[in-house]
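Colleague: Residues per chain are reported as follows:
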Amino acid sequence: MMKIKIAHLYYDLLNLYGEQGNVLALQDAFKKQGVDIAVDLLTVGDKMDFDKYDLLYMGSGTKNNLLIALEDFKKHTVTFKKAIKNNKYFISTGNSHEIFGKFIEVDNEKYKALGIFNYYTKQNQIRIVGDSIMEFKDLEPIIGFQNRSSVMQNNKNHLFNVINGYADNYKSSYEGYLENNFIGTYLIGPLLIRNPHLTDYIVKDILENKNITYKLIDNTFEYKAYDEYFKNFYNQ
Amino acid sequence: MINILIIINKLITLLCKIFSKLFNKNGTVLPGSIVLKLNPDILTKIKYPKYVIGITGSSGKGSTTNYVAHILKSAGLKVVWNNSGSNVLNGATTLILNNTNFLTRRLKADALLLELDESYIRHIFKSNNLTHLVVTNITRDQPSRNGNPDIILNKIKYSIDYNTHLIINADDSTVNKLSLNHQGKLTSFGIAKNKYSLNKPISNNIDSAYCPICSAKLIYGYYHYGHLGGYKCKSCDYKRNIDYEASKIDLDKKTMIINKNKISLNKNIFFDAYNILAAYTLCKEIGIKDEDLLKALNINKIISKRMKSLKLGDRDVIMIESKNENNLSYNQSLTYINQTKETKTIILGFDNVSRRYKHNDLSWLYDIDFNILDTENIDRIFCIGRFRFDVAARLINSGINPELLILVEDINNIITLLKENSTGTIFTMVCFDMTDILTKLFIKEEEEGDNDEN
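These protein sequences, in sequence, are chains Y and F. 185 is the number that our numbering gives to position 185 of the first sequence; each next residue is one higher, with no gaps. 1185 is the number that our numbering gives to position 185 of the second sequence; each next residue is one higher, with no gaps.
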């Protein structure tokens, strides 16, 4: 049987807002397709052989935890670039995509980041907190929540059109970074649980690339919760 | 002017008391809010008593405050405390001014004891009058309002200085970071490894898992709840140092040992041990005699208020209030439910994430260890409220059998659904709003049942 492998990177540092839910969502979605799935929990000091995995995931962290992960990730920069070039799925929620930019400015200090992407992030005067509705490709809208202290500048590879909520910064109408299959967004928490259609989009793509037929299963509680959210909060 | 403001505060409180009876509203906030508008610095002009004690943290601060008040009063001290639970600026101002002599500006008590919201400590005590501050724990708690645990920690850190004697729960690796920089006196408490301890955490969402000094991963010998447990750094000498340690916890007998003294637990809940231990540590540090402490905790015990108990026919209904956006609160409820061995039915869910704001952040649902409920003696789990599908999805993702779930579209039908589809003791583990709604429905059913019998 075909086996799908996922790595949850820095699971014990960057998992601040219930983001293990995203890994659970992927596990569940692949299982429903009848595919075997394995998840590796990787962290500081671990060997990170990105080729071994079909998808890599990273969630939010406190400032200190993000900086610990940044320091450790330095040794994976080359293989990371290669993985992104080869269309590896890499999903980064919350502030974790900040480490791939030019620099992170926080608490009046400027930390050199990995410099893989051209954006950089700076601490905002007030925290940015609130519900978000995003547009992504031709999918149904993406719902989510943001709770961050920074704004992103110099981002040319937009992920989402912002329908409602906060963008990269106050002048932008876009949020997040997309390059090949690298998806980096400030949305926090169980994004892939709350947006089962996004999860299915990713799962379908991964399976079809392996010549496995995908079948839509949309009678789940996740889909009902998604509809209920719009019913209760968006059309008011 | 200050004297007049104190009088104004007292007069408005009196009016509020009269009107609160008419409109059934809590009148502890308005007087303080008006007086603060007239003079934002009024609390810096008060002559405070010898002991000004704050109790803060993500969970357990209300119960710990209750225990401290009980012990101090039993020992003969006059205590002014916020037993109404108003732990933010306006409520605290009302309380302080109402107990202050308007001529001498002296607060008329031996001790001022306040349960404090972490974010408001520096607003209430602008010139840091706290002689003692107890920190019960710091966990993920209302992230929309508080941000993350490190932000909460910093709020506490920058609210006090060397004049404050810190009393910290050193089992909490986040709280223990306070010991690194505090220039004043510091005393710690913690619970030793015991029969309830876990060898590994239930899930991976552990805060402060890395050393705050050298960034190496901390080594845990055991866990009590979440990131609370026994730890040390493998690379440097950072570790959990304990001054007051509780051991031999026995929830069946409701006892524990602190410094060779046998102490009664008020409830058969593990976390009650933390609350009593925190109170014990603080009271010992301010010089309360063993004799008075033991009398207050073992003989003249206080009545617990958190859990309400009702009936549905011959079935017990136990209501455990669980705070949304606070995984520790839910995990405590889950652990308690799991401790009971009988067949049980559980009610979970919410209409709104928060009473304070309209944000729909659901991240916290995935920080709760719902897999604790994956046991054989669960008969049914009822998911209620506008977020019932989100709750159901979360439960299934935690390994709960989907066949156990009943989704309740109309809350008014829950009594019928419970009677027709479930057995065993009913545990509700919902937030305050939902507890109120359910309480009314259970009471209505009980009254109608009584009328039928008559």
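Source of the hints: derived by calculation from the structure; they are not laboratory data. Warning: the hint list may mix true and false statements.
[Stated by the list, open to error] No more than 27 angstroms apart at the CA atoms, straight line, and that leaves these computed lysine-lysine pairs for DSSO-like:
| # | chain 1 | residue 1 | chain 2 | residue 2 |
| --- | --- | --- | --- | --- |
| 1 | Y | K110 | F | K1217 |
| 2 | Y | K47 | F | K1234 |
| 3 | Y | K137 | Y | K171 |
[Stated by the list, open to error] What the simulated footprint calls covered on chain Y by chain F, stretch by stretch (three residues with Cβ under 8 angstroms from a Cβ of chain F suffice, anywhere in the stretch; the number is not a length):
| # | segment |
| --- | --- |
| 4 | 5-15 |
| 5 | 63-70 |
| 6 | 107-118 |
| 7 | 198-205 |
| 8 | 208-222 |
| 9 | 225-232 |
A quick note: this is a predicted structure, and the numbers were derived from the prediction, not measured. Quick reminder that beta carbons are idealized off the backbone N, C-alpha and C, glycines included.
Colleague: With reference to the structure, classify each hint as holding or not holding.
Modeller: Tested hints:
1. Y/K110 with F/K1217: Since the Cα atoms of Y/K110 and F/K1217 sit roughly 25 angstroms apart, the hinted pair holds (cutoff 27 angstroms).
2. Y/K47 with F/K1234: Between Y/K47 and F/K1234 the Cα gap is close to 20 angstroms, so the pair holds against 27 angstroms.
3. Y/K137 with Y/K171: The given pair, whose Cα atoms are some 22 angstroms apart, holds under the 27 angstroms limit.
4. 5-15: holds (count 5)
5. 63-70: Check passed, 4 qualifying residues.
6. 107-118: Since three or more residues must qualify, the claim that chain F covers the segment 107-118 of chain Y is violated, with 0 doing so at under 8 angstroms.
7. 198-205: That given contact is violated, which follows from only 0 residues of the segment 198-205 of chain Y lying within Cβ reach (below 8 angstroms) of chain F.
8. 208-222: This one holds; 3 residues, not fewer than the three required, reach chain F with a Cβ under 8 angstroms.
9. 225-232: holds (count 4)
Checked against the numbered hints listed earlier, the structure breaks hints 6 and 7; every other hint is satisfied.
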